[in-house]
Amino acid sequence: MSPILASGELILVFRWLHEKLVSTGLSPLWVELITYTVLAVGMFALLAVIALFLVWWERKISAHIQQRFGPMRVGWHGWYQTIMDAIKLLQKEDVRVDTRDRGVFFWAPVICFVAAFAAYVVIPFGDGLIVADLNIGILYVMAVTTFTIISLLMAGWGSNNKYALLGGMRSAAQVVSYEVPMILSILTVVLFAGSLSMGQIVASQQGHGIFNWFIFRVPFGPLAFITYLITATAESNRTPFDIPEAEQELVAGYNVEYSGMKFAMFFLAEFVNMFTVSAIATTLFLGGWNGPFMPSWIWFLLKTLGVVFILMIFRWTFPRLRVDQLMEFAWKFLVPLTFANLILAAWMKYAKWYW
Amino acid sequence: MGLWKDIKNLFVGMRITSKHLGRRAITIQYPEEKWTMPERSRGIVVLLSDKETGELNCTACMLCMKACPTGAIRIVAPRDEATKKRDLKSFDLDFGLCCFCGLCEEACNFSALKMAAKYEFSTINKDDLTWDVKKLQEIGRDVDYVDTRKKKAEPKPAVKPAVTDTPVATAPAPAAQSEQKGETS
Ligand code: SF4
Ligand code: SF4
Chain A
1 MSPILASGEL ILVFRWLHEK LVSTGLSPLW VELITYTVLA VGMFALLAVI
51 ALFLVWWERK ISAHIQQRFG PMRVGWHGWY QTIMDAIKLL QKEDVRVDTR
101 DRGVFFWAPV ICFVAAFAAY VVIPFGDGLI VADLNIGILY VMAVTTFTII
151 SLLMAGWGSN NKYALLGGMR SAAQVVSYEV PMILSILTVV LFAGSLSMGQ
201 IVASQQGHGI FNWFIFRVPF GPLAFITYLI TATAESNRTP FDIPEAEQEL
251 VAGYNVEYSG MKFAMFFLAE FVNMFTVSAI ATTLFLGGWN GPFMPSWIWF
301 LLKTLGVVFI LMIFRWTFPR LRVDQLMEFA WKFLVPLTFA NLILAAWMKY
351 AKWYW
Chain B
1 MGLWKDIKNL FVGMRITSKH LGRRAITIQY PEEKWTMPER SRGIVVLLSD
51 KETGELNCTA CMLCMKACPT GAIRIVAPRD EATKKRDLKS FDLDFGLCCF
101 CGLCEEACNF SALKMAAKYE FSTINKDDLT WDVKKLQEIG RDVDYVDTRK
151 KKAEPKPAVK PAVTDTPVAT APAPAAQSEQ KGETS
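Chains as they are written, first to last, in this note's numbering: chain A, 1 to 355; chain B, 1 to 185.
These are calculated hints, taken from the structure and not from any lab test.
There could be a bad hint or two in this list.
Here are the simulated DSSO-like cross-link-like pairs (lysine-lysine), alpha carbons at most 27 Å apart as the crow flies [stated by the list, open to error]:
no., chain 1, residue 1, chain 2, residue 2
1, B, Lys135, A, Lys332
2, B, Lys66, B, Lys5
3, B, Lys5, A, Lys332
Just some of the chain A residues that point at chain B, by a computed CB distance under 10 Å [to be verified]:
no., residue
4, Ile65
5, His208
6, Val251
Where a beta carbon is used, it is the ideal one built from N, C-alpha and C, also for glycine.
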């Protein structure tokens, strides 16, 4: 049996599919392959819908903060504006610069896209709604999402354009430095959950209403959450840490030379990344899918969209940091802070001063 | 302490943006909703017609053409030597040249020209920006204005009404006042 978890309505469909396939007498390898292909396509569709929704939502929020309407023309309050934009981008000419590095230029958006989507193997969308509950879940997420840096660097290098290269370099430097405090704040949670598996981390936050959520385990919990949120903003290259795509300095950053569907891939990957970091924040700090009365996946989506909303308010409120300030903030402030927090948490765990 | 103040300021900023998020948008959806333009806004130039007869008020004096700094107005009005009057053959206004300065309105002594509160006259053809007398008259039909012309048939009022002023729609009509005076005297 595949490592798909046991409960949840969606899982029943896959169970049924699995049994049907087994009964046709296919070899087990083929059964697994087909089941997971269906699952992958389903996940892809879901995430594409989420990314398109987030693009629309971001435009709406930014518009209303600036007291505009935002997209209003296509559908009710422009609800399928982003679908139309995607169709438009699909039809666009794929402009390629002559001086590009062919292979690198082509693969960069693909890697970015795949890296953004691969993290969803271990994200628990609800009670049992997880593709595979790996025992190294959170480590896997960190490892896979880091591929994004490589793709940005590849995009910058492959475009053979100084703005793109600068954007790629900056982004690599930024993400690598913010990875350190991010992992340190995640470690704080892992220390208490006692496991790297996402399912276990969610399970360890059950009970006591909301007071078992890691965000409410004072003093280390809120601090870890805040540092995680800051680093997550930096990871997803959003304001105030958006120097890789600082429009005023770099035209558009690493994706200047990209057009058409390749550009759309970068764009969608960015929003999928934003959803990823919010989903991880939900899983690690906000009790995952735990919640009363409603189905677990609704709770998960609500909490995640709440975090996304906070990230969006960040973006439309704060000005961008300068490059040197950015590095200073990461290495001189966040790293010592998260380290101190981790040591405090370890000490509390040792002294059993927690619940 | 500086740090706490900075952190506090982050929240102040977020409170302000959140507050704006809840407000109504101040922009409007243009083709469906439109602003009511102020009475005296300088929109397109229209030719006014007499309120009773519907004839053009223009006497073809060409003052507006001379006043126009961009040469947007082109009037053809040959003079009839017998009656010493000009006959308005054509009145073309090129909105591609017009800079909406309002000098033509100020120059006109006969309440024949006004800048109306209308602004929708975009075309996809450059030549369509030149409007002839018919078009200018048609669009000016429903434009309200104060007639400051002296009426020929009536006896002259004791006090001369101001005639050179730009017509202000909200002010009481001097022409109407003079009429009343003419009746009482
Ligand atoms: S508004 Fe100014 S530019 Fe336009 S027609 Fe009148 S005088 Fe000429
Ligand atoms: S100034 Fe007035 S009356 Fe004279 S030509 Fe122009 S519109 Fe006609």
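Okay, the hints, checked on the actual structure:
1. Taking the CA atoms of Lys135/B and Lys332/A, the gap is near 72 Å; set against the 27 Å cutoff, the hint is violated.
2. A hinted pair counts as satisfied when its Cα atoms are at most 27 Å apart, and Lys66/B with Lys5/B does not qualify at roughly 65 Å.
3. A distance of roughly 19 Å separates the Cα atoms of Lys5/B and Lys332/A; the hinted pair therefore holds under the 27 Å criterion.
4. Given the 10 Å rule on beta carbons, the hint for Ile65/A holds: about 5 Å separates it from the nearest Cβ of chain B.
5. With its C-beta approaching chain B no nearer than about 28 Å, His208/A sits outside the 10 Å limit, and its interface hint is violated.
6. A hinted interface residue such as Val251/A counts as satisfied when its beta carbon comes closer than 10 Å to some beta carbon of chain B; here the least separation is about 26 Å, so the hint is violated.
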